[in-house]
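> Keeping the supplied structure of chain A fixed, place chain B upon it in accordance with the hints.
So you can see what is in the structure, the chains are spelled out below.
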Amino acid sequence: GEDVEQSLFLSVREGDSSVINCTYTDSSSTYLYWYKQEPGAGLQLLTYIFSNMDMKQDQRLTVLLNKKDKHLSLRIADTQTGDSAIYFCAESFSGGYNKLIFGAGTRLAVHP
Amino acid sequence: GAGVSQTPSNKVTEKGKYVELRCDPISGHTALYWYRQSLGQGPEFLIYFQGTGAADDSGLPNDRFFAVRPEGSVSTLKIQRTERGDSAVYLCASSPEAGAADTQYFGPGTRLTVL
Chain A
1 GEDVEQSLFL SVREGDSSVI NCTYTDSSST YLYWYKQEPG AGLQLLTYIF
51 SNMDMKQDQR LTVLLNKKDK HLSLRIADTQ TGDSAIYFCA ESFSGGYNKL
101 IFGAGTRLAV HP
Chain B
1001 GAGVSQTPSN KVTEKGKYVE LRCDPISGHT ALYWYRQSLG QGPEFLIYFQ
1051 GTGAADDSGL PNDRFFAVRP EGSVSTLKIQ RTERGDSAVY LCASSPEAGA
1101 ADTQYFGPGT RLTVL
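Top line first, the protein sequences correspond to chains A and B. All the letters of the first sequence, read from the start, carry residue numbers 1 to 112 under my numbering. All the letters of the second sequence, read from the start, carry residue numbers 1001 to 1115 under my numbering.
Rather than coming from a laboratory, the hints here were simulated on the basis of the structure. There could be a bad hint or two in this list.
Stated by the list, open to error - What the simulated footprint calls covered on chain B by chain A, stretch by stretch (three residues with Cβ under 8 Å from a Cβ of chain A suffice, anywhere in the stretch; the number is not a length):
| # | region |
| --- | --- |
| 1 | 1039-1052 |
| 2 | 1084-1098 |
| 3 | 1106-1112 |
Every residue, glycine too, gets a C-beta built ideally from N, C-alpha and C.
Excised from the complex, chain B in its bound form:
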């Protein structure tokens, strides 16, 4: 079956621009996570959705970052006024149950480059 998909796979933008990154979770998965992986680092948690609601957004670095999941499936991570420090790979993961240890599946990521 289809895994977690993310689009675009690569995004190059200029400093100050607005970007949207999309995540299509595995069908039926209620839990969705966003992470950010900077070069040479491990993924860093950004936000967790259970259904349509953001249950934990403690990892969002500042108010330029926002994420939505209006229908409980597809999620969009939105970054306003991008900065060079936002350059990273943005990873999405989904899980059928929020607390299950072995069923968090990661997408291939979107590589964001801010010039």
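Just chain A, with the same shape it has in the complex:
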């Protein structure tokens, strides 16, 4: 079945790198995503990766996908206080539409 797991909390110092991890169980996923949710704001798509890719880089964000281990990670370089938020990992499957299956989210706290 479909299941996405994330650690609940991560605390980092401003300027350090953050790595948020996610594992999923269904190997038939087509795309894997990272969403950001700030208090009072809607879900914002940060980045996504196609399931046949290993890595994707977008400015300060690096996504790594280990399909064998069903492990996805998001690295944020030079983490800033504005990066404090909840980060959700999600997956979708082939079928012509993007029904998203989300993890429970990782709360990232950035301190000076």
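The following block gives chain B in isolation, referenced to the frame of chain A:
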């Protein structure tokens, strides 16, 4: 341009009452999704519309939940005989194409509280 809007932003109701939650997708978006986010959890898929039809309603928890999109734009999620366990944030998302990975835009949600 305008994003996905949802009304009301907050809804407080009593157990057993009927509620309607509205979603206005981005103009021209044919795909529309409803999700439910309980406290401390990630969003959970409820239903997907392609145009006017509900193409996948496998996430609706029971027959108290129903959604419509009669003209292929605005959608209404209807909950009958509300229960305290229905309390959550209900999120709507729309996309211009059903299968595109990077164009599912979320609204700010409706926070439903059932007393």
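> Against this structure, judge whether each hint is valid.
The hints, checked one at a time:
1. Requiring three or more residues with a Cβ within less than 8 Å of a Cβ of chain A, the coverage given for the region 1039-1052 of chain B holds, as 8 such residues are present.
2. With 4 residues having a beta carbon nearer than 8 Å to a beta carbon of chain A, the region 1084-1098 of chain B meets the requirement of three or more and the stated coverage holds.
3. A count of 4 residues in the region 1106-1112 of chain B with a Cβ less than 8 Å from any Cβ of chain A is obtained; the coverage claim is therefore met, three being the minimum.
The structure is consistent with each of the numbered hints, conforming to all of them.
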